[in-house]
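**Student:** For the record, the sequence lines run as chains X and B. Going left to right, the first sequence walks through residues 1013 to 1423 as the working numbering numbers them. Going left to right, the second sequence walks through residues 4 to 156 as the working numbering numbers them.
Hint data in this document are derived by calculation from the structure and do not stem from the laboratory. In this text, all values refer to a predicted model and were calculated from it rather than measured experimentally. Among the clues, some could well be false.
As the list claims (entries may be wrong) - Taking lysine-lysine and the DSSO-like style, the derived pairs with C-alpha atoms no more than 30 Å apart in a straight line are:
1. B:Lys-62 <-> X:Lys-1383
2. B:Lys-83 <-> B:Lys-62
3. X:Lys-1383 <-> X:Lys-1197
4. X:Lys-1383 <-> B:Lys-139
5. B:Lys-98 <-> B:Lys-133
6. X:Lys-1117 <-> X:Lys-1197
Said to hold, decoys possible - Distance ranges between label pairs, derived from CB positions:
7. B:Glu-124 <-> X:Gly-1308: 56 to 64 Å
8. X:Arg-1058 <-> B:Gln-99: 35 to 43 Å
9. B:Thr-64 <-> X:Gly-1161: 29 to 37 Å
10. X:Phe-1145 <-> B:Ala-29: 50 to 58 Å
11. X:Asp-1344 <-> B:Thr-102: 47 to 55 Å
12. B:Pro-41 <-> X:Glu-1198: 32 to 40 Å
Said to hold, decoys possible - Pulled a few chain X residues facing chain B out of the computed Cβ check, cut under 8 Å:
13. Ser-1084
14. Glu-1087
15. Pro-1377
16. Gly-1378
17. Ala-1392
18. Val-1419
19. Ser-1420
For each residue, glycine too, the CB sits at the ideal point set by N, CA and C.
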Amino acid sequence: MTSYDPRRVRSDTPLMNRVINGHPITYLDSASSSLPPRAVIEAMSRYYELRHANVHRGVFQTAVEATDAYESAREAIANFIGAPGGSGEIVFTKNATESFNLIAKSWGRANLTPGDVVLITEMEHHANIVPWFQLREVNGIEVRFIPVGDDFRLDLSNIDELMTGVKLLSVTSMSNVLGTINPIKELAEVAHRHGALIAVDAAQSVAHSATDVRDLDVDFVIFSGHKMLGPTGIGVLWTREDILADMPPFLGGGGMIADVRLDGYTPASGPTRFEAGTPPIAEAVGLGAAVRYLEGLGMADVVRHERSLTEDALTRLADGFAGRVRVIGPHDMAARGAVISLDVDGVHPHDIAQVLDQFGVCVRPGHHCAKPLMRRFGLAATARASFGPYSLHSDTDVLIEALGHAVSMFG
Amino acid sequence: MSNLEDLYREIILDHYRSPRNRGELASPPAIRVEGFNPLCGDELVVYLNVEDGTLSDIKITGHGCSISQSSSSLMSAAVKGKSLEQVREIIGTFKQLMTVHESTLAHDGEPAKVDLRAIGELAALQGVVKFPVRIKCATLAWNTLSQGLDQLD
Ligand SMILES: Cc1ncc(COP(=O)(O)O)c(C=O)c1O
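The following block holds chain X by itself, in its conformation from the complex (with noise of 0.2 Å):
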């Protein structure tokens, strides 16, 4: 039994003291960045003041606390996502990039040759892009596009055609710019009748609706603990664990191998073959509360929430501007998160994002590291705005009052 209460969020939430420009600070920049909850912040903080050493190996009291602190942070991330496996099937990586890198490098390497398939989509992030761009250097892959259609949405009429020679269909369950919602279950159903594996770019859907890698069946889901009310620096790698055990080390050096001696070395198993180095360990603990205490929301709730919120900020924007505001990205609420991307008759995204700066107002202007989507749909840049899970209506009555400011000062 879950209470939700988005003002609750809020208060648990200090960042949302600030007052920018003299107003207090109106967040809508999440998917960027989420704001972490006061018990993210403390669990680090408590982490460094009382256990923190080195993981593993360690015998005295605190590096013995320190690696059971880290090693629950991969439990409940396990819980979190539903592995199948548990903790042996979560990779501690950097970001989400990071782990799009890990899967290219570590498996792309090992298992694809010239002329294989990689299938992405146009509407992906630069980080499940340019990681295939750079295999096919040196693998002669080929990288393919799903195209994404006037509606927004991924065109998958051709997808059968376009599934020939693909080992790997990996796209993004949420757009960063679009908002649009991609059906991963479908998606798996067609890579496995293909014989492919699917991986999912869920940086934008982790923190803002339920994950189930088990009944999304799915083979590798990829996010970032910073946009899911963690902290910078950690990000996460799910993949089965028959997939893991197969797959060859990443980066080398002290904690990813099980023996080193003049000759050469033997990889470790399990996740800390690929976690080499020490780890981001106060991350990994800041991660953990950040799991907690999004499972203490409620997915459910903060999704009947967020889409509120959605749903009447397209209305408000449609209305309001007599057509000068465009919205990139579905204008209906099936499968619509809550990432609104704005295109405005006359101003800049740069010149909108300065405007809505002097109110206290955070929306993030540019392509969004995902340019071939901007390109395919004619745009330089929006202004992109982006609710999380202590997001309020006010929050909108703000964000349409500033941009109106914007509107009439450049004519």
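For this one, chain X is given, so just place chain B with the ligand on it according to the hints.
**Tutor:** Chain B with the ligand only, in chain X's frame:
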């Protein structure tokens, strides 16, 4: 709001809405240089015609925010028809304007070192220095113009 009005002065908004010297020149003979600001996706192309040591014509195309667009328009108006020596001088003065730190601005908002009368309408861009992330927007056209002049050497 006063800061915002410092940034978005009427002259700037005017040059943004109706940019001067917009368009292309046949190249060759015109020098054609491209400028990018990867941070915000601003892109522009500057065309230069140079005759007898004079910048006889300049045209600019591209897209970007109000600051980059107005700065390129103001620049084109300031340098068109000037001798190359004068053009380099104006570029130097403008760059100085952009590097004057906020703290060195006098109370009436006038930078200590730059003679604002000498640069005319360009002075409208001085509010940009209060917004460090936007300085790159303002200098894009100027750096592109400098690159074009370097091609002459
Ligand atoms: C969909 C998506 N994938 C990947 C990333 C990359 O995340 P990070 O920068 O934390 O590696 C982002 C973040 O912007 C994102 O929105």
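**Student:** Look at each hint and say if it fits the structure.
**Tutor:** Do the hints match the structure? See the list:
| no. | hint | in the structure |
| --- | --- | --- |
| 1 | B:Lys-62 <-> X:Lys-1383 | holds (28 Å) |
| 2 | B:Lys-83 <-> B:Lys-62 | holds (9 Å) |
| 3 | X:Lys-1383 <-> X:Lys-1197 | holds (26 Å) |
| 4 | X:Lys-1383 <-> B:Lys-139 | holds (20 Å) |
| 5 | B:Lys-98 <-> B:Lys-133 | holds (15 Å) |
| 6 | X:Lys-1117 <-> X:Lys-1197 | holds (26 Å) |
| 7 | B:Glu-124 <-> X:Gly-1308: 56 to 64 Å | holds (58 Å) |
| 8 | X:Arg-1058 <-> B:Gln-99: 35 to 43 Å | violated (51 Å) |
| 9 | B:Thr-64 <-> X:Gly-1161: 29 to 37 Å | holds (31 Å) |
| 10 | X:Phe-1145 <-> B:Ala-29: 50 to 58 Å | violated (37 Å) |
| 11 | X:Asp-1344 <-> B:Thr-102: 47 to 55 Å | holds (50 Å) |
| 12 | B:Pro-41 <-> X:Glu-1198: 32 to 40 Å | holds (36 Å) |
| 13 | Ser-1084 | violated (40 Å) |
| 14 | Glu-1087 | violated (40 Å) |
| 15 | Pro-1377 | holds (7 Å) |
| 16 | Gly-1378 | holds (6 Å) |
| 17 | Ala-1392 | holds (4 Å) |
| 18 | Val-1419 | violated (13 Å) |
| 19 | Ser-1420 | violated (12 Å) |
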